[in-house]
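Residues per chain, in single letters:
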Amino acid sequence: MNSLRTLKMKRVKNFFATKEAVKEARIALEQKTEKALRDSVRSKQKARELAHVKYLD
Amino acid sequence: MPVFYKKDAHILIQVESDEDWKCFFNCCDGYLIENDFKRIFEYLNNDVKTIVLEKEYYDADYRNTYFNFFSHKFAKYPNKTLRANFFSKKISPQMIYKLDRHKEDYIGFVVIRPNRVTSIGRTILDPKKLRDINGYICVAEYPVHILGAELIARGFPYMSQDTDVTICAHAACWMLFRYFSQRYTRYAEVWPYEVTQLTEDLSSGRLVPSKGLTVWQITEMFSKFGFYPEIYFRGIHSDFEKLLYQYVESGLPVVAGLAKHAHAITIIGHISDFSIGQPGTSDQYLTAFIANDDNYMPYHAIREGGVKPDGHFSDFKIEDIDSFIVPLYEKIHLSAEHVVSHSEAVLIGDKVGIDACSKVLSSDQIITRTFLTSSKSYKQIRREDGLPFGILKVYLELSMPKFIWVCEISTPDLYQDGKIAGEIIFDATASQFDRLAFMAIHYPDFLLLNDRSYLTDDPKRFTVHAVDAEDIVSYPCYVNNLCEV
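These protein sequence lines map, in sequence, to chains W and S.
By the count of my numbering, the first sequence reaches residue 1097 at its end, each step adding exactly one.
By the count of my numbering, the second sequence reaches residue 492 at its end, each step adding exactly one.
Treat each hint with caution, since some may be false.
FRET-style restraints, in silico, Cβ to Cβ [stated by the list, open to error]:
#, chain 1, residue 1, chain 2, residue 2, range
1, W, Arg1051, S, Lys135, 26 to 36 Å
2, W, Lys1086, S, Asp15, 53 to 63 Å
3, S, Gly284, W, Lys1050, 30 to 40 Å
4, W, Lys1050, S, Glu157, 52 to 62 Å
5, S, Lys324, W, Lys1059, 50 to 60 Å
6, W, Glu1074, S, Gln423, 54 to 64 Å
Keep in mind the hints are simulated off the structure, nothing from the lab.
No residue lacks a Cβ here, since even glycine has one placed at the ideal position from N, Cα and C.
Start from the sequences, fold in the hints, and give me the full structure.
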């Protein structure tokens, strides 16, 4: 990207040095979001069931 | 006499007193029922100085219900309507052919249907020209032609149910559909009778005369219109109000259900009090949602219980809203609840979190605002605002999907001034299970770009830059989704 050459910030090399470091960061994110995503899937199922019942006039 | 051209098709009425308003009522020849007249009078009395009443107005929405339904009745129903145009200045009768000279004074219009039961049809009123309305509202522009003069009505569409063909849920859907069909060419205009036919679920009885709709049927209507809707229920979805706020803040009006009252409304904006000044998420500043509810005139505030009433407010409370349906676009795969959990995880992350990467900002002092926008609008608005250290050009050059989720990062002090210190940009087409869904993480002294074309955990997917900053360089928050009133 051309714009990175004009960026007034210094490039940080080896922020993620290896594939393992990226994997570690990704797994940490997965753990932090695991419960929320599980709840989200459950909520979708319940919402689908309830959508037939709720009546709006 | 304030009434001019009384026997003609275009009547001009200068309104300065209650008596003048009665003249307006009389000019409507029974089309306008008394109850609706009172609603219009109480709502517009302080703002309107002139009314131009168009008789024999061909309203596409009314005629759609007339030819498909009212013409089948034994009693006589006219096939035309009246249209009342409201101006904020006194206009002399000689100016009736030159109304384009009063563009700035044009508040909008109300179509009056000869429905016998409820008479307020298609209505567009400019919230900026109504003194008791404030907040942030979805607004579109609708061209209006009166005696050859083109005027613009700005606002969110409104109509009351006619109780025969359309009930409140249809009216709520029509308002939302009419907003989208006007604002985005992708969506075709749909008229009220056609709205009623958008569901094929006949399990709870005939479609017209309608007795009500289920949330399921409304969702089906959304899908047939061309949306990819999501349904949310209070008690099932955690952070229900936060999610509702985030969609509204994204410029997406929603149809909300109030099952306790068996009622449906359209939520089109919000009112926020930025003086609260606490870290957390921007929905904490919310004091009311703004709704178009066919029980009231447009732009009524739905407050939290216990909040002091101000301006036009509804008897319904935020707590009464127990479901809502969001009209998502095809390419928005990531829902609000996923972005909430993803952004929270990033911000507190050990490696890419704010405490790990920024020396000038810590996670306990931030306020975040999360919204959806098109990348096209985001780049366009950001060009005008500017971002520090040349990050603007990076964003302009960055390849983005059609829609992006943005989690803006600010501090309570900066946020009160409409300023931010950074943002996380998410790919709205990402899977909810893809935890590397972010495209850019920007803290005041840190920038990480994530190349979404990489399939693996290859470190080359990330480009990281940092700067030794002593203080936060702030810039304006993104304002484009809603119109400030």
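Do the hints match the structure? See the list:
1. Between Arg1051/W and Lys135/S the beta carbon distance is about 47 Å. The supplied range of 26 to 36 Å is therefore violated.
2. In this structure the supplied range 53 to 63 Å holds for Lys1086/W paired with Asp15/S, their Cβ-Cβ distance being about 60 Å.
3. Here the CB-CB span from Gly284/S to Lys1050/W is close to 34 Å, well matched to the stated 30 to 40 Å.
4. Between Lys1050/W and Glu157/S the beta carbons are some 55 Å apart, a value that agrees with the proposed interval 52 to 62 Å.
5. Taking 50 to 60 Å as the suggested C-beta distance range, the pair Lys324/S and Lys1059/W conforms, at roughly 52 Å.
6. Taking the beta carbon of each, Glu1074/W and Gln423/S are about 35 Å apart, not inside 54 to 64 Å as hinted.
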